[in-house]
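Following the hints, put chain W in place on chain B, whose structure we already have.
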Amino acid sequence: MIITQRKEQDIDIVEISERMVMDNVAEVQSSIKSITQDGSVKLILDLSQLVHIDSSGCSVLIWALKYIKTREGKVALCGLTSNVRALLELTRVIELFSVFASIDEALEAFAGKSTDSKKQ
Amino acid sequence: MNTAEVPTHRTNPVTSTRPVTVMLVDDQLIVCEAVRRMLAEEPDIRFHYCRDPTEAIEQANAIGPTVILQDLEMPELDGLTLIKYFRANPSTQEIPLIVLSTKEEPTVKAEAFSIGANDYMVKLPDRLEMIARVRYHSKGYIAQLERNEAYHKLAESQRQLAEEVGEAAKYVFSLLPTPVRQGPVRVDWRFLPSTQLGGDSFGYHWLDEDHFAIYLLDVSGHGVGSSLLSVSALNVLRSQTLPNTDLKDPGQVLQGLNAAFSEELHNNKYFTIWYGVFRKSTRELSYSAGGHPPALLFNGPHRQLSRLTQLKSNGPMIGIMPDVPYVTETVVLDSVAKLFVFSDGVYEVKQSSGEMWEFDEFVDYICSTPSDAPVMDQLLVHIQAMQGCEQLDDDFSIMEINWGIE
Chain B
1045 MIITQRKEQD
1055 IDIVEISERM
1065 VMDNVAEVQS
1075 SIKSITQDGS
1085 VKLILDLSQL
1095 VHIDSSGCSV
1105 LIWALKYIKT
1115 REGKVALCGL
1125 TSNVRALLEL
1135 TRVIELFSVF
1145 ASIDEALEAF
1155 AGKSTDSKKQ
Chain W
56 MNTAEVPTHR
66 TNPVTSTRPV
76 TVMLVDDQLI
86 VCEAVRRMLA
96 EEPDIRFHYC
106 RDPTEAIEQA
116 NAIGPTVILQ
126 DLEMPELDGL
136 TLIKYFRANP
146 STQEIPLIVL
156 STKEEPTVKA
166 EAFSIGANDY
176 MVKLPDRLEM
186 IARVRYHSKG
196 YIAQLERNEA
206 YHKLAESQRQ
216 LAEEVGEAAK
226 YVFSLLPTPV
236 RQGPVRVDWR
246 FLPSTQLGGD
256 SFGYHWLDED
266 HFAIYLLDVS
276 GHGVGSSLLS
286 VSALNVLRSQ
296 TLPNTDLKDP
306 GQVLQGLNAA
316 FSEELHNNKY
326 FTIWYGVFRK
336 STRELSYSAG
346 GHPPALLFNG
356 PHRQLSRLTQ
366 LKSNGPMIGI
376 MPDVPYVTET
386 VVLDSVAKLF
396 VFSDGVYEVK
406 QSSGEMWEFD
416 EFVDYICSTP
426 SDAPVMDQLL
436 VHIQAMQGCE
446 QLDDDFSIME
456 INWGIE
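Residue numbers (my numbering), protein chains in the order written: chain B, 1045 to 1164; chain W, 56 to 461.
Chain B extracted, bound-state conformation (with noise of 0.2 Å):
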């Protein structure tokens, strides 16, 4: 699993690829929580570069969700591969989150009037 982090105006954008499973998720955790430890607390999380994902990965996915909003922040996700999209509908962790095609929908979201609008 690779994670990449960069900022568009004040919303994070964090890459996670390859693999979000048992082995690494609390990687993913601390790198969520030291990403979002300062700013505005709007995160975007692009998934178009992760091939797998188990349970506790999609168990991560809702951490995250939690851990944004008790901090009044904003979380989506964009970029979903089939494989990933599959076990998110089949948990049903995708109802949860805002999800976009790609990071531009998902900034222009966030930019603008309504973030609760799913798409793709």
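For the record, the hints were derived by calculation from the structure and aren't laboratory data. We put the CB at the ideal spot given by N, CA and C, even for glycine. Please note that the accuracy of each hint is not assured.
Distance ranges between label pairs, derived from CB positions [said to hold, decoys possible]: (1) V379(W) - E1152(B): 26 to 32 Å; (2) K1077(B) - P145(W): 46 to 52 Å; (3) M411(W) - D1148(B): 37 to 43 Å; (4) S1075(B) - A95(W): 42 to 48 Å; (5) Q1093(B) - S423(W): 28 to 34 Å; (6) A440(W) - E1116(B): 49 to 55 Å; (7) G195(W) - S1126(B): 53 to 59 Å; (8) S1075(B) - A440(W): 31 to 37 Å; (9) E1152(B) - D415(W): 57 to 63 Å; (10) S1075(B) - T136(W): 55 to 61 Å; (11) N290(W) - A1130(B): 28 to 34 Å; (12) K1110(B) - N290(W): 26 to 32 Å; (13) S1075(B) - L135(W): 55 to 61 Å; (14) P429(W) - D1148(B): 48 to 54 Å.
Computed from the model, here is a short list of chain B residues facing chain W with C-beta under 7 Å [what the hints assert, rightly or not]: (15) K1051; (16) S1099; (17) S1100; (18) I1106.
Relative to chain B, chain W alone:
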């Protein structure tokens, strides 16, 4: 990556304050006295001397020096031989040894180094040099001792952790029901916990004379914590103590579990579950699932004509959404029926090529295996071969339930 907590070893009051302890072996009292004076004003340096080289090993064992200074010319024992003794003795073989000799010949120095001396000073050196060398060698040795100690503690805590996981795995095994070989419903299973315990558990039992419940659940995460949550949910089902719930109705059961475990769940743990109830009098199998892969049902009038149905149900993972409904689905079993209920560990396998095995490939594999073959054993061997390792990354849990022809 492992996130389990182990005792910290960064600061250890015993090792971090370990004093510099010098042991000098020299038969001349005057040299001993001179060295003692050199070191006397250094509060962190303890000094011992031994004038009889034949007692040097014994004294070193008792004192535990962090550096040994020794002469080469002594009446009872040749100094080079003593170096060899120090190096052969287990408790002194790692202690830095500085030769303190009047001999200045390079050949003597070279020989001393070749048999295990760490340094060489022509006596008597300057006080500052003596202190600097004593400190330098002691510091390295103390750091080495601390590293060894930390390593042993880490190894010990990992051993304890593995033991705890082993105990938890035994406990999970003890709760699993024995296979049912005879009667209208026959069940067999295979369970191979991962080294870290993946949080799977399962069970089955008659709820009354007509209804037989079958269930399998998988807690997210791993380790003793996940496993304990898994068995506590399992125990709720085994003991039939879910409040205001008809255990014969799978949708109600999952709703009940979701209510019971939503509030209690801590530490980012949730679980997926497949729960089914077979009704003997009508041959109906009703089921519901929460975020769980579908069970596979082979159903037909006889073996050759059995067809596969994936028993899907789209309830969410238990614990992530309060108050959502879980739907009960129903299917009628034909004369011959075979059901596989399993966790994702039986198909989410990272192949040695790096590619993941997909659910559809798993289904194809099960379909291509002759129905009278030991499917579960063959599957386990197959995925172990694909992964290139017998120990799997996640729990392998699968139940095979048969109705009809025995």
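Worksheet item: Does the structure break any of the earlier hints, and which numbers would those be?
Response: Structure breaks hints 3, 4, 9 and 15.
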